[in-house]
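Asks: Residues per chain, in single letters:
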Amino acid sequence: MLQNPKALIPLDPKHFFYHDVPEQKTQRALDNLGGCPLSHVMNTPTKVAWREIPTAYLICEDDRALTFNGQKQLIDAVKAQGVEVEVASLKASHSPFLSMPGETAKAIHGFLEKA
Amino acid sequence: MSNAATKPVIVIVPGAWHVPAHYAYLALKLNSIGYTVDCLELSSTNDEKDLPENTWIEDINIIRNAITSHTEAGRDVAVVMHSFGGMTGSEAACGLGKKESETSGAVVKLIYMTAFMIQEGQTRASLGVGDDWPEIAELDDPKVRGIPSRL
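As given, the protein sequences belong to chains A and B, one line each in that order. 1 is the number of the first residue of the first sequence in my numbering; add one for each residue after it. 1 is the number of the first residue of the second sequence in my numbering; add one for each residue after it.
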């Protein structure tokens with residue numbers, strides 16, 4: 001029963017994911033959303049690669065889904081274990097790849113110039 | 001600027017519900033500054049008829065196979081993970097970094113794009129709720145009502 005792909009549906013994706021995305025792009029993004037079985041999100045990794053591979057985090061400051069404070073908690077928890085995390089920030093929602101794709105590409109390039 | 005063959009291939013791991021079409025604008029921008037982009041279609045977004053038995057394991061396999069297809073061809077890889085893609089991506093990239101990898105290419109960087117960079121054993125639900133962790137999903141299946149929905 002938990003394998004129903006429509007079991008878990010995003011609550012108000014326009015509000016949580018796309019609030020800074022232009023209207024036309026938002027409509028297409030909503031139309032493109034796929035399913036997600038509940039069982040999928042109840043899993044947890046048994047090992048995590050940030051322990052062994054150089055890691056960067058692109059913070060989205062206006063994110064309403066994974067909030068700024070939430071993102072900072074995740075980063076701090078990793079740093080607390082002695083792992084270095086390179087950080088850059090955008091004033092974007094949960095979907096910088098739609099609202100500011102150019103700036104997002106630049107931020108990714110910035111991380112990789114040093115890779 | 002170095003050419004595309006010397007830059008790492010960028011493998012994009014979508015978040016829950018999201019498909020490659022969502023990342024097309026970003027992929028084009030990355031192409032325009034010289035990157036090859038491989039945006040993955042995950043099994044968890046499939047329709048019911050194409051849904052594998054275990055989407056978690058299947059998604060990890062899809063990510064890992066995509067990464068190794070590039071590293072075995074001698075290319076370095078950067079893994080860009082969005083949202084829940086950080087959960088599966090974190091596990092999938094294990095052992096594929098510079099020192100551990102047996103192939104000529106390797107994963108040179110993990111980039112969490114507002115993604116769940118979590119610890120082993122944590123689930124999204126274990127992060128709780130509140131202003132920092134708002135409820136952003138709901139259960140639409142009457143058969144599973146009563147189970148908390150927290151992605």
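Simulated from the structure, these hints should not be mistaken for lab results. Keep in mind that the hints are not guaranteed to be accurate.
Within a straight-line C-alpha distance of at most 20 Å, the following computed SDA-like cross-link-like pairs (lysine to any residue) qualify [to be verified]:
(1) LYS72/A x VAL87/A
(2) LYS6/A x LYS98/B
(3) LYS14/A x CYS94/B
(4) LYS47/A x ALA21/B
(5) LYS14/A x ALA21/B
(6) LYS98/B x THR6/B
(7) LYS25/A x ASN61/B
(8) LYS91/A x THR26/A
(9) LYS14/A x SER69/B
(10) LYS6/A x ASP38/B
(11) LYS72/A x GLN119/B
(12) LYS47/A x ASP38/B
(13) LYS14/A x THR67/A
(14) LYS106/A x ASN61/B
Keep in mind the model is a prediction, meaning the values are calculated, not measured.
Asks: For every hint, state whether the structure bears it out.
Replies: These are the hints, each one checked on the structure:
{"no.": "1", "hint": "LYS72/A x VAL87/A", "verdict": "10 Å, holds"}
{"no.": "2", "hint": "LYS6/A x LYS98/B", "verdict": "39 Å, violated"}
{"no.": "3", "hint": "LYS14/A x CYS94/B", "verdict": "34 Å, violated"}
{"no.": "4", "hint": "LYS47/A x ALA21/B", "verdict": "29 Å, violated"}
{"no.": "5", "hint": "LYS14/A x ALA21/B", "verdict": "17 Å, holds"}
{"no.": "6", "hint": "LYS98/B x THR6/B", "verdict": "16 Å, holds"}
{"no.": "7", "hint": "LYS25/A x ASN61/B", "verdict": "31 Å, violated"}
{"no.": "8", "hint": "LYS91/A x THR26/A", "verdict": "18 Å, holds"}
{"no.": "9", "hint": "LYS14/A x SER69/B", "verdict": "35 Å, violated"}
{"no.": "10", "hint": "LYS6/A x ASP38/B", "verdict": "26 Å, violated"}
{"no.": "11", "hint": "LYS72/A x GLN119/B", "verdict": "14 Å, holds"}
{"no.": "12", "hint": "LYS47/A x ASP38/B", "verdict": "24 Å, violated"}
{"no.": "13", "hint": "LYS14/A x THR67/A", "verdict": "15 Å, holds"}
{"no.": "14", "hint": "LYS106/A x ASN61/B", "verdict": "29 Å, violated"}
In terms of the numbered hints stated before, the structure departs from hints 2, 3, 4, 7, 9, 10, 12 and 14, listed from lowest to highest.
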